[in-house]
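Asks: Residue numbers (UniProt numbering): 1 to 165.
It should be emphasised that the hints constitute simulated quantities derived from the structure, not laboratory data. If you're wondering where the values come from, they're calculated on a predicted model, not measured in any experiment. A hint or two may mislead.
[Claimed, not checked] Simulated restraints on C-beta separations:
#1 E14 x E66: 31 to 41 Å
#2 D69 x M34: 35 to 45 Å
#3 L17 x S119: 22 to 32 Å
#4 E10 x E161: 19 to 29 Å
By construction, the Cβ of each residue, glycine as well, lies at the ideal position given by its N, Cα and C atoms.
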Amino acid sequence: MSNLIRNSLEQTREELLQEITSLTFEELNRKPNMETWSVAQNCHHLYLTEIATVRAIKWGLKEGKESDDRRKNIQLILDRTVKYPAPSVVEPSEESLELEQLKEMLADSRKQLLETVNSLEDLSELTRKVVKHPAFDTMALDQWVELLPLHEQRHLSQIRETLKE
Numbered sequence: 001m002s003n004l005i006r007n008s009l010e011q012t013r014e015e016l017l018q019e020i021t022s023l024t025f026e027e028l029n030r031k032p033n034m035e036t037w038s039v040a041q042n043c044h045h046l047y048l049t050e051i052a053t054v055r056a057i058k059w060g061l062k063e064g065k066e067s068d069d070r071r072k073n074i075q076l077i078l079d080r081t082v083k084y085p086a087p088s089v090v091e092p093s094e095e096s097l098e099l100e101q102l103k104e105m106l107a108d109s110r111k112q113l114l115e116t117v118n119s120l121e122d123l124s125e126l127t128r129k130v131v132k133h134p135a136f137d138t139m140a141l142d143q144w145v146e147l148l149p150l151h152e153q154r155h156l157s158q159i160r161e162t163l164k165e
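Can you build the whole structure from these sequences, using the hints too?
Replies: This is the structure:
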């Protein structure tokens, strides 16, 4: 993983943690309306997405098809006028969550991601294998990783909006 991606992952996560660390249980779990996720649900979704990415990488390295070298414009994820319905596997719980639970979950998923990527002898394996992505169709595994901080930025914007409402 490039230093740029690693730094982006770290910076975005740091921003997220700064945003949520001082929130009360009520602020974390308040839903402005039935169609909007709470701050806690956004964080739970980010955790589930990172875990799903780890699974996709592990599966893709064994079973994925060879890449055709086409790159996806993953920056599109930042356009919040486009809605991407969350697949059920990454849909957050309706249960209220404590701040410490969320922080532990986010730390755990990040640890799993870094361990998975760092365990590879040849990082170019990630560019050579593709797996179907729910938003971008067939996508190289390295782009799955590159997408994570962008996806987190998208949800950080949602979190900030939720806190203003």
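Asks: If a hint holds in the structure, say so; if it does not, say that too.
Replies: Do the hints match the structure? See the list:
Taken as a hint, the range 31 to 41 Å holds for the pair E14 and E66, whose Cβ atoms sit roughly 36 Å apart. Roughly 43 Å separates the CB atoms of D69 and M34, a value that falls within the hinted 35 to 45 Å. Checked against the hint of 22 to 32 Å, the pair L17 and S119 passes, with Cβ atoms roughly 25 Å apart. For the pair E10 and E161, the supplied restraint of 19 to 29 Å holds, since their beta-carbon distance comes to about 24 Å.
Going down the numbered hints, you'll see the structure goes against none, and every one checks out.
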